[in-house]
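> With the hints as extra help, turn the sequences into a complete structure.
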Amino acid sequence: MKSLIDILDFTVEEIDELLSVANDIIANPVKYSEICHGKKLATLFFEPSTRTRLSFEAAMYELGGNVLGFSSANSSSSSKGESVADTAKMVSCYADIIAMRHPKEGAPLVAAMNASIPVINAGDGGHNHPTQTLTDLLTINREKGRFENLNIGFCGDLKFGRTVHSLINAMSRYKGNTIYLVSPTELKLPDYVKKDVLDKKNIKYVETQSLDEVMPELDILYMTRVQRERFFNEEEYLRLKDRYILVPEKLDSAKEDLIIMHPLPRVNEISVAVDEDSRACYFRQALYGKYIRMALILKLLKEAGTI
Amino acid sequence: MNIDSIKDGFVIDHITAGRAMRIYELLELSKLDVPVAIITNAGSKKMGKKDIIKIDGDVPLNLEVIGYADPKVTVNIIKDGKLTEKLTIPMPEILTNVIFCKNPRCITSVEQEINHIFKLTDKEENVYRCIYCESKADL
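The listed protein sequences derive, respectively, from chains R and S. Start counting at 1 in the first sequence, then tack on 2, and there's your number in our numbering. Start counting at 1 in the second sequence, then tack on 6, and there's your number in our numbering.
The reader is advised that the hints may include incorrect statements.
The list that follows gives simulated cross-link-like pairs (lysine-lysine, DSS-like), each with its CA atoms no further than 27 Å apart [unchecked claim]:
(1) S:LYS129 x R:LYS196
(2) S:LYS129 x S:LYS92
(3) S:LYS92 x R:LYS197
(4) S:LYS125 x R:LYS196
(5) R:LYS304 x R:LYS41
(6) R:LYS203 x S:LYS92
(7) S:LYS88 x R:LYS161
I should point out that these hints are in silico values taken from the structure, not numbers from a laboratory.
This is the structure we're talking about:
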């Protein structure tokens with residue numbers, strides 16, 4: 003049973019195929035509007051997430067399907083002590099596909115090992131968030147038209163930022179890219195990502211604490227939020243959260259065709275004034291998230307023989 | 007120092023000096039009811055210093071874990087006082103419930119029934135990672 007737990011579960015060809023289906027959905031939405039009629043997506047969200055959950059739900063509704071599920075652990079049987087494995091087996095009786103978010107790393111893999119229907123990892127703690135990566139790839143595909151020879155800057159929390167790790171991993175499969183890593187020392191990209199991904203695949207990268215220094219080089223600026231929930235120590239969170247705030251003046255030295263991405267939600271790391279700049283594409287990015295999830299649901303249901 | 011020769015059993019040789027106790031733990035030798043000798047810092051032409059474990063008894067052993075702990079080790083199997091087999095143990099691709107994930111953010115930290123599974127991700131560096139959270143195993 004094909005599931006999506008880690009972005010590397012999909013080959014470059016499979017990702018290309020998903021992007022092509024997503025682009026076709028954008029061009030011809032009516033063609034896809036009844037394709038999942040009578041099918042059900044279970045959204046099992048053990049941790050709150052408005053954006054990802056709504057994006058999955060909107061995706062299934064736009065495919066003509068239905069949605070069931072819960073949006074916090076308190077409203078599920080896990081509050082009674084049910085294991086992830088049992089939840090996955092039980093939900094397999096009621097739905098055709100699962101999208102799961104869980105605060106513990108690896109929980110969606112446990113679900114996939116026990117479910118008889120496809121499982122999509124909708125975020126497991128600070129570990130993986132492959133549908134965000136697919137969203138980011140569709141955004142780059144539509145806004146830049148290529149995945150090669152790009153200067154990509156990641157700014158903010160590069161230590162706990164799972165979207166950053168996944169996107170670096172995904173982009174490392176394409177040629178000629180340079181990665182700029184902008185973060186305070188405490189939130190630097192972990193060594194194992196540098197060693198296992200960047201060094202191993204011979205990807206050029208630059209580490210710096212200054213966003214201004216690298217801004218003129220960038221084709222893509224990927225901003226991230228410093229996430230309170232990833233810190234065991236509140237003091238350290240408060241000390242680091244306002245380190246990088248993107249304001250319109252900071253973009254003076256940036257390229258005309260830069261794109262500014264952010265997985266959202268933002269807190270204050272991008273000033274609202276930047277939203278007016280045509281280079282800000284984070285809300286378009288959220289929209290692309292729905293289309294790529296539609297393509298993903300279709301792919302997994304087709305491979306399972308459900309549609 | 008004299009350690010009696012073995013009639014039926016195992017001599018685990020060429021253990022990297024300092025790793026014998028870890029192998030003793032992984033093989034759960036403390037649970038055996040047969041004589042076990044651990045020799046540390048023995049002289050070795052090839053290695054300079056090495057550790058050796060002798061097990062005097064034909065007992066069932068999960069030799070696979072040795073490949074994880076120290077792939078350079080050789081296991082000599084003794085029967086009727088004679089060396090019958092000399093094995094090197096390749097690094098196992100998967101380790102199930104041999105080592106345990108210590109990451110407090112991993113699903114295995116809250117659900118007791120889940121098997122702790124580690125996968126060999128880098129053969130040259132002898133790196134095993136938890137299949138759920140990808141944390142690196144400490145040797």
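> With reference to the structure, classify each hint as holding or not holding.
Here's how the hints hold up against the structure:
1. S:LYS129 x R:LYS196: Judged against 27 Å, a Cα distance of about 18 Å means the pair holds.
2. S:LYS129 x S:LYS92: 22 Å, holds
3. S:LYS92 x R:LYS197: The given pair, whose Cα atoms are some 37 Å apart, is violated under the 27 Å limit.
4. S:LYS125 x R:LYS196: Between LYS125 (chain S) and LYS196 (chain R) the Cα gap is close to 20 Å, so the pair holds against 27 Å.
5. R:LYS304 x R:LYS41: It holds: about 12 Å lies between the C-alpha atoms, which stays within 27 Å.
6. R:LYS203 x S:LYS92: 39 Å, violated
7. S:LYS88 x R:LYS161: Distance ~56 Å between LYS88 (chain S) and LYS161 (chain R) Cα, so the pair is violated.
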